[in-house]
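**Student:** Quick note, the sequences are listed as chains A and B, same order. Here my numbering = 1-based position in the first sequence + 374. Here my numbering = 1-based position in the second sequence + 784.
Honestly, the hints are just simulated from the structure, not real lab data. Among the clues, some could well be false.
[Unchecked claim] List of simulated lysine-lysine pairs, PhoX-like, C-alpha gap at most 25 Å:
#1 B:Lys853 x B:Lys936
#2 A:Lys451 x B:Lys1155
#3 A:Lys514 x B:Lys911
#4 A:Lys380 x B:Lys846
#5 A:Lys451 x A:Lys530
#6 B:Lys1155 x B:Lys1124
#7 B:Lys911 x A:Lys462
[Claimed, not checked] The following residues of chain B were derived to be distant from chain A, with all beta-carbon distances above 10 Å:
#8 Met785
#9 Glu820
#10 His836
#11 Gly918
#12 Glu919
#13 Asn938
#14 Glu960
#15 Met1007
#16 Lys1034
#17 Arg1049
#18 Thr1059
#19 Ile1100
#20 Leu1150
Virtual Cβ for every residue (Gly too), placed ideally from N, Cα, C.
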Amino acid sequence: MNEIIKLLPQMKTGEELVSALSVLPKYDESIRLENEAVRLIALYDLYKIYIPSSMTTEIYSKLYLALLRSVQKKMTKTAVLQRNENHKAIQHNEYTGIMGGSDSFTIIGNSGIGKSSAISRSISLLMENGVIETERPYIKIIPCLVVQCPFDSSVKGLLLEILRKVDETIGSDYYKNALKIRVTTDMLIGSVSQVAINHIGLLVVDEIQNVVNSKYGKSLVGMLTQLINNSGISICMVGTPESSMFFEQAMQLARRSLGLNYKSLEYDCYFYDFCRTLFSYQYTKHKAEISDAIVEWLYEHSAGIISVVVSLIHDAQEIAILSGTEVMNIETLNEAYKKRLSMLHGYIEPSVKQVKQTTVKRKNEIVTTECIDITDDFSIAELVTTAKANNTDIVELLKSHITVEEVRI
Amino acid sequence: MITYLPEIYPDELVYSWFCRYYIHSGYFTHKAALQEILCDRHNNPSKEFLGHLNPDMLSAIKRMYPIEKIILEHTMFPQYARFIPSKQKKKALYRIGNDFCDVHHLFSVLPRSESDSYLKYCPLCVKEDREKYGETYWHRTHQLRNIHICPKHNCRLINSEVTAKSEQTFTFCCAEEYVTEYEPIMECNSLKLDYCRYLSDVFNFSIDMEKDIPISAILYNAMKEKGYISLTGKARHTKRLADELKAFYKEIGIENIASFYQVQRVLHGDRFDFTVICQIAFLLSLDANILVNPKLTKGQIEWERNTHYMKNKTKIDWSVYDEETAPILEKILRDIYEGKANELGRPERVSERMVYRIMNIPQHRLDLMPKCKAVFDKYAETYEENWARRIIWAYNKLTKERKSFYWSDIRSLTGVKKENIDKVIPFIDRYTNN
């Protein structure tokens, strides 16, 4: 067993970890002198940037320790006992879970905050030595296997997907053999448990929120529980906050889903440094300097969601290059926000908000009045007086003169 | 592709190892595991040896252990090959590990008696295995023929339901599934215990592949000390030995006692049966260590050889026999092949069995006669090739004799069934002019 642990990559911490997790593509100032096409293509490098946050280091540590615990259980006498029990499941006989363990946890966070990227970067570090191969016994272990929760929460679908991914990674034939004969779900669970004991360190199930709106959701989570009991591997479920409500339904579900919960970023040093790093990757002809106001604007218009920040900066530069403005400033950023991210407006809640008309307009009595021409030379006091006199809405009146934004108190 | 293979336990049979591989890997059916381990779907797992392994499994095993170590320490090879001549032993070891040869071609494998028909286990060994490893397995020593007591725990071995024969079985019967009785019954007969321990010790001693002292010489010298050799040293009191052996083992309660014929064959150096040799050696109180590591001088070995008197027995010179027989065999096989030996003139298929019948020699002798073997290979063909030749012959014959004919006419002449015609068609072109 110690042999397997020796073959795992060393756990990284501190600066070494941050450096290993970061992805910063090469950038040369001279790119700004190139033609449009070259700059537009190079602009996609923005999506490759990855700057680890405290969330990333936390996720890495959690995954590494889960993997270590899982690997420690392999090659023990209990694992041998469990293999024999799992075989009974394949043969449709009664069987029990022996290995057990509470090594399942969740990573929950809103869409776009970077949890999948953090997990992906962490897994790439865990897998830096590739598939672990030992001599005695001869065994190939995949440190981390990532599968997607099926859209319809199909138990068989997920089990077959696990087998398929294992085959893809280590070149085995489990999936092919499972398809050859008509296996039942119980048999599949037994077989996947065996495969998991032998070949998987940590199983990551992404998009776990798919269980929420499916009638087979509970069965799927139950199957994952059985898999943990029958294989002793650690399982990490990744999803959005709606899956929290699902796991809160029952004690056994809640127990299995303790874990990490993330919200959007706070407006802090990390966010500031992140924006500054992104801003350093400019592909417009004229270079713009980042200021506190821009960072504030970015925070307000992204609600602290990293993917939105990246999209804003990318699209602003794209608009600037295509329109010929060739500078990234508040105007181009605003344009990007309005034109490219219009569908997100309802979900992003900047502190300055555009309130949509939700109430029915009161039918005012039609009062005929004198029509007053309002010129540019106006005063607010005059407008107020006019509104009172004509019994009209002051806001509407002001809007005809100046840009008005309503603030919710 | 093999992605998992557990470690082999001490004194575990290779068959048991493959059973655990099947259990632990998560295969749904025996067939799936067989395809991973063996070469062909017609192959069956061997209970006593390796079986015909496919290259993937062979390389997985070689990655973990040397193949010779597996054969010597985890198969029943020492039981069958310990006392055979060194050259034959080396050839057998090589061919089992590389050619996956049928062991019946390499040494004598006798039919099993009733009491040795099933795999055996010791309840106390089962308990120990489960405490140490979490599971039990088929111990090699327990599968020795004629051993019914565990040499370690002195309790009686129990017959399982798993047949010890390899033929006709295509399943993996793991010990963990087939061990059902756990109550040990201790053996009290000390002689019986000593005998079983003796068998086990001789079996488990490492084999010296270079030493080539004939077993007949070893036993001769042991018999001399016990008075079974005449004063001149030229006569063996074989009858007396066999009678006393029978009485001795009958008293102990051992089944399958060596017969006079078996004892005689061993003492002459014609046979090397493990059980017979051990029974003689144990009766003669020959230490197990001396039996497997004898220290005889050349003079002693030569003396023993000269004491063999064989009346009217001249050793067959196979090369001369081969030289003389090859032309005769060529004529006979050509006639059969071309149809001259058939009253209708129909070409027949030349088979190995036919050759042994014609030459009146035992099976597998062609291996010793390369010229005759070459002649046989020249005329050997598959059933499909023979059917193709028959059909062409029948067609030519019917064309000469009649104006029109039907498939049924060809069928009655050739004996080829209509359902086989698809298999024959690819070979028709080979035997036609255009």
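**Student:** Of the numbered hints stated earlier in the document, which are not met by this structure?
**Tutor:** Per hint list: 2, 3, 5, 8, 9, 11, 12 and 14 violated.
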